[in-house]
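Enquirer: Listed below, chain by chain, are the residues.
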Amino acid sequence: MEPWEAFIRSTALHAFVRTYEPWLWPTCETLHYLGLSLLLGTIGLFDLRVLGFARGIPFQAIHRLIPWGIGAYVLNVMTGIVFFFGHPDQYFYNNAFRFKALFMAIAGLNVVAFYGTSAFRDLATSRADVEASLRAKIIAGTSLTMWVGVLICGRLLTFYRPPFFH
Amino acid sequence: MDPFLAFFENSTLASWIRGELIGSTLVFPVVVTLHTIGMGLVAGGSAAIDLRILGVARQMPLKLMGRFLPLLWLAFVVNAVSGVLLLIAYPTKALTNPIFYFKVGLIALAAWLVHRTGTAILRAPEDEQDTLTARTKVLAVASLACWIALITAGRLLAYTRRWEMLGIPAAG
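In order, the protein sequences belong to chains A and B.
The first sequence stops at residue 166 when you use our numbering, and every number in between is there.
The second sequence stops at residue 172 when you use our numbering, and every number in between is there.
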């Protein structure tokens with residue numbers, strides 16, 4: 001066993017997850033599914049709007065949904081940590097999980113690209129019926145693709161699950 | 001096994017979905033993944049509309065939120081089709097579990113609520129916010145509660161058989 005895994009298995013969270021697994025796991029999975037739905041329903045709708053869907057909704061207005069998407073993201077990171085600490089080997093040695101982590105990292109960089117460049121400022125000041133800039137559209141398309149990719153990889157985790165190592 | 005359930009469970013279509021036929025390994029993961037993407041879109045998109053009705057992102061013209069409705073119905077259809085495929089693959093597992101019938105009831109309720117909130121927002125006036133009736137807000141709250149119950153029921157379907165095996169009387 002690698003040192004990082006030994007460390008995770010020595011934590012109180014690991015012990016807690018394993019002790020209460022029969023009800024804790026289904027509960028966290030349900031929360032994880034509620035979170036992914038809220039994330040897709042808020043950030044996804046914003047991305048679609050930037051891409052030209054539902055023209056007429058002001059960008060600033062639909063952007064108010066984003067905090068709910070961030071809340072859903074936090075919920076899913078927290079429940080995700082519960083899963084990872086419970087069975088670290090099942091995730092770390094799983095290609096679906098590695099791709100999921102990669103897509104999440106790209107989605108994170110994409111957020112930086114959106115708020116760190118003029119893409120967000122231009123949208124926030126533009127009129128409702130105006131077309132988003134190409135830059136904003138590329139960022140929105142990347143966001144949508146990455147979150148659907150994260151969802152697909154998450155769903156496929158079980159099918160790429162390695163044998164139990166430890 | 002019940003002969004009616006056995007007919008579906010032993011069919012070639014069921015074997016194909018379960019991935020038991022040569023070259024059909026990907027069918028089950030693809031169907032389950034489509035069911036999850038559809039869930040996220042229809043439940044999440046509907047929840048976004050409900051939140052707007054309840055006062056989140058007030059500057060968003062409610063009427064224009066209606067432009068997302070066809071997308072939600074498309075996701076709903078994807079989930080109906082993928083759901084039926086999953087049911088054909090494992091009919092005994094689903095149909096002997098009371099939670100499955102609860103879930104089907106919630107699906108009907110959710111569809112009705114999306115239809116009702118959809119009609120309500122399309123009738124909303126162009127500009128102001130305060131004319132939303134209390135009834136529309138009740139619909140929005142009911143819709144949010146319905147999606148939470150529906151997703152919970154769906155997730156529990158994967159576990160109730162295990163509980164049954166552990167001797168916890170959760171499933172029939």
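There could be a bad hint or two in this list.
[Said to hold, decoys possible] Partial list, derived from the structure: chain A residues whose beta carbon lies under 10 Å from chain B:
| hint | residue |
| --- | --- |
| 1 | Gly44 |
| 2 | Ala124 |
| 3 | Ala132 |
| 4 | Gly141 |
| 5 | Arg155 |
Hints in this document: simulated from the structure, not taken from any laboratory.
Positions of the beta carbon are idealized from the N, C-alpha and C atoms, including for glycine.
Enquirer: Hint by hint, work out which the structure violates, then give me just those numbers in ascending order.
Expert: Structure breaks hints 2, 3 and 4.
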